[in-house]
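S.K.: Each chain, letter by letter, is given below.
2 protein chains.
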Amino acid sequence: MNKPTPLSGFPEFLPSQRTVEREVIATLSRAFELHGFGNVETRAVEPMDQLLRKGDTSKEVYVLRRLQEDDNAAVPNREGKGMGLHFDLTVPFARYVLENAGKLEFPFRRYQIQKVWRGERPQEGRFREFTQADIDIVGRDTLPFHHDVEVARVMLEALGKLTFLPGFTLQVNNRKLIQGFYAGLGAPDVEETMRLIDKLDKMPADEVGKLLVSEAGLTDEQAAKCLELATITATDDTFVEKVRAMGVESDLLDEGLTELATLINATAPLNTERVRIVADLSIARGLDYYTGTVFETRLDGYESLGSICSGGRYDALASDGKTTYPGVGISLGVSRVLVPLVQKGVLDGDRKVPSTVLVAVNDEESRAAADEAAQALRAHDVACEVSPNAAKFGKQIRFAERRGIPYVLFATRREDGTEAYEIKDIRTGEQVPADPATWAPTNESDLKPQVVTKEQEK
Amino acid sequence: MNKPTPLSGFPEFLPSQRTVEREVIATLSRAFELHGFGNVETRAVEPMDQLLRKGDTSKEVYVLRRLQEDDNAAVPNREGKGMGLHFDLTVPFARYVLENAGKLEFPFRRYQIQKVWRGERPQEGRFREFTQADIDIVGRDTLPFHHDVEVARVMLEALGKLTFLPGFTLQVNNRKLIQGFYAGLGAPDVEETMRLIDKLDKMPADEVGKLLVSEAGLTDEQAAKCLELATITATDDTFVEKVRAMGVESDLLDEGLTELATLINATAPLNTERVRIVADLSIARGLDYYTGTVFETRLDGYESLGSICSGGRYDALASDGKTTYPGVGISLGVSRVLVPLVQKGVLDGDRKVPSTVLVAVNDEESRAAADEAAQALRAHDVACEVSPNAAKFGKQIRFAERRGIPYVLFATRREDGTEAYEIKDIRTGEQVPADPATWAPTNESDLKPQVVTKEQEK
Numbered sequence: 002m003n004k005p006t007p008l009s010g011f012p013e014f015l016p017s018q019r020t021v022e023r024e025v026i027a028t029l030s031r032a033f034e035l036h037g038f039g040n041v042e043t044r045a046v047e048p049m050d051q052l053l054r055k056g057d058t059s060k061e062v063y064v065l066r067r068l069q070e071d072d073n074a075a076v077p078n079r080e081g082k083g084m085g086l087h088f089d090l091t092v093p094f095a096r097y098v099l100e101n102a103g104k105l106e107f108p109f110r111r112y113q114i115q116k117v118w119r120g121e122r123p124q125e126g127r128f129r130e131f132t133q134a135d136i137d138i139v140g141r142d143t144l145p146f147h148h149d150v151e152v153a154r155v156m157l158e159a160l161g162k163l164t165f166l167p168g169f170t171l172q173v174n175n176r177k178l179i180q181g182f183y184a185g186l187g188a189p190d191v192e193e194t195m196r197l198i199d200k201l202d203k204m205p206a207d208e209v210g211k212l213l214v215s216e217a218g219l220t221d222e223q224a225a226k227c228l229e230l231a232t233i234t235a236t237d238d239t240f241v242e243k244v245r246a247m248g249v250e251s252d253l254l255d256e257g258l259t260e261l262a263t264l265i266n267a268t269a270p271l272n273t274e275r276v277r278i279v280a281d282l283s284i285a286r287g288l289d290y291y292t293g294t295v296f297e298t299r300l301d302g303y304e305s306l307g308s309i310c311s312g313g314r315y316d317a318l319a320s321d322g323k324t325t326y327p328g329v330g331i332s333l334g335v336s337r338v339l340v341p342l343v344q345k346g347v348l349d350g351d352r353k354v355p356s357t358v359l360v361a362v363n364d365e366e367s368r369a370a371a372d373e374a375a376q377a378l379r380a381h382d383v384a385c386e387v388s389p390n391a392a393k394f395g396k397q398i399r400f401a402e403r404r405g406i407p408y409v410l411f412a413t414r415r416e417d418g419t420e421a422y423e424i425k426d427i428r429t430g431e432q433v434p435a436d437p438a439t440w441a442p443t444n445e446s447d448l449k450p451q452v453v454t455k456e457q458e459k
Numbered sequence: 002m003n004k005p006t007p008l009s010g011f012p013e014f015l016p017s018q019r020t021v022e023r024e025v026i027a028t029l030s031r032a033f034e035l036h037g038f039g040n041v042e043t044r045a046v047e048p049m050d051q052l053l054r055k056g057d058t059s060k061e062v063y064v065l066r067r068l069q070e071d072d073n074a075a076v077p078n079r080e081g082k083g084m085g086l087h088f089d090l091t092v093p094f095a096r097y098v099l100e101n102a103g104k105l106e107f108p109f110r111r112y113q114i115q116k117v118w119r120g121e122r123p124q125e126g127r128f129r130e131f132t133q134a135d136i137d138i139v140g141r142d143t144l145p146f147h148h149d150v151e152v153a154r155v156m157l158e159a160l161g162k163l164t165f166l167p168g169f170t171l172q173v174n175n176r177k178l179i180q181g182f183y184a185g186l187g188a189p190d191v192e193e194t195m196r197l198i199d200k201l202d203k204m205p206a207d208e209v210g211k212l213l214v215s216e217a218g219l220t221d222e223q224a225a226k227c228l229e230l231a232t233i234t235a236t237d238d239t240f241v242e243k244v245r246a247m248g249v250e251s252d253l254l255d256e257g258l259t260e261l262a263t264l265i266n267a268t269a270p271l272n273t274e275r276v277r278i279v280a281d282l283s284i285a286r287g288l289d290y291y292t293g294t295v296f297e298t299r300l301d302g303y304e305s306l307g308s309i310c311s312g313g314r315y316d317a318l319a320s321d322g323k324t325t326y327p328g329v330g331i332s333l334g335v336s337r338v339l340v341p342l343v344q345k346g347v348l349d350g351d352r353k354v355p356s357t358v359l360v361a362v363n364d365e366e367s368r369a370a371a372d373e374a375a376q377a378l379r380a381h382d383v384a385c386e387v388s389p390n391a392a393k394f395g396k397q398i399r400f401a402e403r404r405g406i407p408y409v410l411f412a413t414r415r416e417d418g419t420e421a422y423e424i425k426d427i428r429t430g431e432q433v434p435a436d437p438a439t440w441a442p443t444n445e446s447d448l449k450p451q452v453v454t455k456e457q458e459k
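In order, the protein sequences belong to chains A and B. So for the first sequence, this note's numbering puts the first residue at 2; every next one is plus one. So for the second sequence, this note's numbering puts the first residue at 2; every next one is plus one.
Same shape as in the complex, but just chain A (with noise of 0.2 Å):
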């Protein structure tokens, strides 16, 4: 076949590449788990029905069929029969937590790390394959609001821990704040409100004020007001005051106050010079389904890419019309960070492989040395692979300065007739007896490929 290309929007990376996707993947992980959620895995299907619960045919769904399906068999289509790729985790994730209610223990923490497809046009950071990496809490009946405050703690922490990537500004807001807001200032339908506001960081304010009049019915002076309580931002609980101060009334928007205000005098003690939450009274995330606590992202000098981490909490995630399950969760989009950030070159690996050590070979008949050599190498946790040929050494050399790999072993002939063992460190030429079954890299890094960051090009 003729060399293949790209398929746009579905990303793949290179070997090195991978160590970035790998290590982002690995810090999340264990992020997670250090509070004490576990990792679950879904199917990549679900009914169509499922992935059209909410009538939001605005997702492009990929639906799924047989090859050799009879040709008059019921196709998946847009009545909701048949199966198709889930979208997002959360579909999936509140069917899991409804088929397996009886075996798990509530409040049930998961965090899943996995990919999602999405038949939209490709666009800059918008991609039909794409890994997300998301973390719920769900309660069963109820969920205490210090979950809120805990998935916000769990989430900054872990972005905290990626120090590679650029720095993120997680912005929360609540739903009931903003929505009591409006039902305080008499706005005629709260619900149109709310998803006109969303559209401030793609819109001019004042084009936002002059829909707020002519399609959600508010009079110049509450489209201002609405307005102005989307200016606030603060680090701190000094936002309740100046939301007070509007002279805006109602019993919603109090505990929406209560509650904002809670999150972030809890969370704003782990603010760094690089992750950052603040309350943002703009944040109002459109068309979802929550109910108090929402969350966005921006990366530092990445704000094209809009909101790379979303989430907040549900007051039904899930329903058997017995039960309810609350749910409060973030949704990182992992590919949306890395993709851009790795197509420029400011992330990488710093190696091909994952070897720390090349073992050269002196010539065939020596292979099996050599491969002994290595398997003393392993038997220690050092990563190596062995020269595919007997080349000169200088090639052999060259060979692993290709592929990134640090060290070269290679054997000598002691004097009195026993076989010896040299290492060189081909960044530095520095040369020394080792011995392979106890040689170990003076830095710790070398053993495993590391990230590397590059200045992006201006």
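Bear in mind the hints are in silico, worked out from the structure with no lab data behind them. Treat each hint with caution, since some may be false.
Below are the DSS-like pairs computed for lysine-lysine, each with C-alpha atoms no more than 27 Å apart in a straight line [to be verified]:
#1 Lys116(A) / Lys104(B)
#2 Lys455(B) / Lys449(A)
#3 Lys104(B) / Lys455(A)
#4 Lys104(A) / Lys455(B)
We have chain A already, so just place chain B on it with the hints.
M.R.: Showing chain B alone in chain A's frame:
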């Protein structure tokens, strides 16, 4: 919605069961990396013409279609238009090698652990979605035979590290050996002879013998010799003499004998009680396009699953017309091995959550202090969760017990009014003072969920 029911052929694990799968994947990954195999992930979809490249439409490919797709648009079909889900990891890997050849270093070692999909009728050990773990070594133009030895050694070593699984027998043969033997014998249709010999694990030898005569055109004597060859097994190179004693001669047979003897001599020293490699001259791998070494693997006590780990040498894994990429590899059916063992309860994780410690909460007012103690534990890599409520202490202990959390940490007040902590091992009842900033479990294995094996009920 009503309680959903599982989809046949799409197995999913509970959180404790997922521990087993994660441990297997982590162990395999590290074993492969120690030998210089780098990880790669390919997209889930391939163009249909790639998936049907070998003209083999017996694979039940799932074809994809976007829900919103214009009904008149070209839809995926048997003529090779559109996209489908990959049914193995070899087709996408061959495409990946061609697509990225200029950026890869050869010989290129990669491992790939991903889900694949086949729309087959589900049956024991066969799934519609399942995980495979593949290792391959690919050369440009040439690939020396010692890499055949290498992949066998790497997979043997990796399987050896999965100590909680039953034993494995890796059966190895060589296509050159059997094809050379059939040709030297004067078989009129070598391919068909090989295809029929491959049926020996499903059909009695005398019936295969009849088919060799009726369908492959052998004489009774030739058929008997082919069946005799297939009875030969050996854990060392003694098979060579047995084959020679049968009086059949051909250059290809000689080449095959030499290769297989080399492989078995080099790998037999790795045999253990649990994991062994044998030369088994009945292994043919039917229709697959192998050109030398072929592998199959049986799981002790689960022989009815068939081969759970298969592969071999392809002289042309991929080709772009100018350059050919020979490869040798083995694919382990992770789901095929694990799902039956997990579903029968033979394998499970020892707890439902990653938490080593439950931090008790005396009352909601002291939740912040409990959170702080938890953070002190996490800071030195001890996973923990804070009790979701301030129930009576006995209730909090039972909460930990249900999750399999071994330790409960709780605050006590000293006479001077300062807080102190004690930790209780709820398995033994032992309770000792503990500083959350330094405490660690006596047994390091308590730090993470462990895989436990249970005697299978007969």
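S.K.: Hints first: check each against the structure and report whether it holds.
M.R.: For each hint, the structure was consulted:
1. Lys116(A) / Lys104(B): 25 Å, holds
2. Lys455(B) / Lys449(A): 35 Å, violated
3. Lys104(B) / Lys455(A): Holds, because 19 Å separates the two Cα atoms, which is no more than 27 Å.
4. Lys104(A) / Lys455(B): Between Lys104(A) and Lys455(B) the Cα gap is close to 19 Å, so the pair holds against 27 Å.
In terms of the numbered hints stated before, the structure departs from hint 2 and from no other.
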